[in-house]
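Visitor: Listed below, chain by chain, are the residues.
Number of protein chains: 2
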Amino acid sequence: MLNFNKTKDGLLPAIVQDYKTLEILMLAYFNETAWQMTLKTGKAHYWSRSRNALWLKGETSGHVQLIHAILVDCDGDTVVFQVEQLGDAACHTGHRSCFFRKVVGEALVTVGEKVFDPESVYGK
Amino acid sequence: MLNFNKTKDGLLPAIVQDYKTLEILMLAYFNETAWQMTLKTGKAHYWSRSRNALWLKGETSGHVQLIHAILVDCDGDTVVFQVEQLGDAACHTGHRSCFFRKVVGEALVTVGEKVFDPESVYGK
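Chains A and B are the protein sequences, given in the same order. Numbered per my numbering, the first sequence spans residues 1 to 124. Numbered per my numbering, the second sequence spans residues 1 to 124.
Rather than coming from a laboratory, the hints here were simulated on the basis of the structure. It is possible that part of the hints are untrue.
Pairs involving identical chains hold if they fit within one copy or between any two copies, as the list cannot separate such chains.
[Said to hold, decoys possible] When the alpha-carbon atoms are kept at most 20 angstroms apart in a straight line, the in silico EDC-like pairs for lysine to aspartate or glutamate are as follows:
no.: 1; residue 1: 102; residue 2: 77
no.: 2; residue 1: 102; residue 2: 84
no.: 3; residue 1: 102; residue 2: 23
no.: 4; residue 1: 102; residue 2: 18
no.: 5; residue 1: 6; residue 2: 117
no.: 6; residue 1: 114; residue 2: 75
no.: 7; residue 1: 6; residue 2: 75
no.: 8; residue 1: 43; residue 2: 18
no.: 9; residue 1: 8; residue 2: 75
no.: 10; residue 1: 8; residue 2: 84
no.: 11; residue 1: 6; residue 2: 32
no.: 12; residue 1: 40; residue 2: 84
no.: 13; residue 1: 43; residue 2: 23
no.: 14; residue 1: 6; residue 2: 119
no.: 15; residue 1: 8; residue 2: 119
no.: 16; residue 1: 102; residue 2: 113
no.: 17; residue 1: 43; residue 2: 32
no.: 18; residue 1: 40; residue 2: 117
Chain A extracted, bound-state conformation (with noise of 0.2 angstroms):
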């Protein structure tokens, strides 16, 4: 279904997006294992490249992404997952999303919503 020798660490990006406001909340890479854990679980799950690890989004903060539906490109190596975004935030620095930044000129301005503390859901 997904062609992963597309590239060499078998990791391939997941475009994530809210099931029904279409908002784009962040990107992510994943393996097939992360795939098949996705597929079975229904909970969004990625290959962390910083920590080298499976990680189900949210495992510490508890902002879990179920899966609504999965979108697949012509090319089969790149994909949508359409989620219900638990807690309403999918970014670490507790904005909504990921994308909270605007060009404007030569500068980038801070247009998205920040919806928690990221001090108080992950600690200092």
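Fit chain B to the given chain A structure using the hints.
Guide: Below, chain B without anything else, positioned relative to chain A:
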């Protein structure tokens, strides 16, 4: 503004979204040259990994993507291009979106709209 050193090849992913409907149209990669050309011209430019060349999206089909807004993620290594898709189709298969297939059990089911016939646009 962006961290082009994040990856070895200097390529970052751009998620392309219809600026009105918020439908996700495609994902493509860009380098610093393509980024500068996008900002300068207001038309989405990418780096073609298959052709290893700068790529003005729509240069063959005429299906140019006019930039309405650019969002940048928390890490500065992924962007969202909110675009007006000329020709109403982003995918080289003739579908409006590259994500025209949905996972249903063990199968992929076509759910996306086909807008043009690729042979008539690109030739055989």
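Visitor: Could you tell me which of the hints above the structure violates, numbers in ascending order?
Guide: Hints 5, 10, 14, 15, 18 are the ones this structure does not satisfy, whereas the remaining hints hold.
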